[in-house]
Amino acid sequence: IKMTGLPRLILDTAIFKRLQNIKQLGAVYYVFIGASHHRFEHSLGVSHLAEKMALNLKFNQPELKITDREIELLKVAALCHDLGHGPISHAFDSEVLPRLIDDEEEVVPEHELRSGILLKQMIEENKLDISDEEFNWISTAIHPTIEDILKSERPFLLEILANPIHGIDVDKFDYLR
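My numbering numbers the first residue of the sequence shown as 3 and each following residue consecutively.
You may find that some hints are simply not true.
What the hints assert, rightly or not - With a cut-off of at most 25 Å between alpha-carbon atoms, the simulated DMTMM-like pairs for lysine to aspartate or glutamate come out as follows: (1) Lys174 with Glu126; (2) Lys54 with Glu72; (3) Lys122 with Glu112.
Please keep in mind that the hints were generated in silico from the structure rather than gathered at the bench.
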């Protein structure tokens, strides 16, 4: 998998590297020790598949006028979509987080929203060349709603990573693989 530009810079950040220690399947690993997939590997795979799908659209449907920057931002979104996961995966969200934070209003229950928070921190700490508008698009691509897709000028790009309409997206492709 070739990574250049912004995606390559993201790979070198401490926030992203922590995914190497977070198991994709959480506590399932303790029962099925062969299930040792990590969020780091998964994020690389999702980014690769997102790029392949976007390039396929770009070359087979040139009328869409997909730009190289859009593809780069999609790859960033795919790399960062699981940044918000904690140890033991989804059990962290429902069991651990509420016990760690006293004020329920401060709990960010969805890992996708925490991914956006961590991405913002990553951009600021590493002075990454991502504008506020691009950050907002990446955050939306990580966790789009049906309304986000319907009001977008380029909805097909928001359906690649996480598709709330029918659930067929590159995140699931890599997970199932």
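- Task: Any hints from earlier that this structure breaks? Give me their numbers in increasing order, please.
- Result: 1
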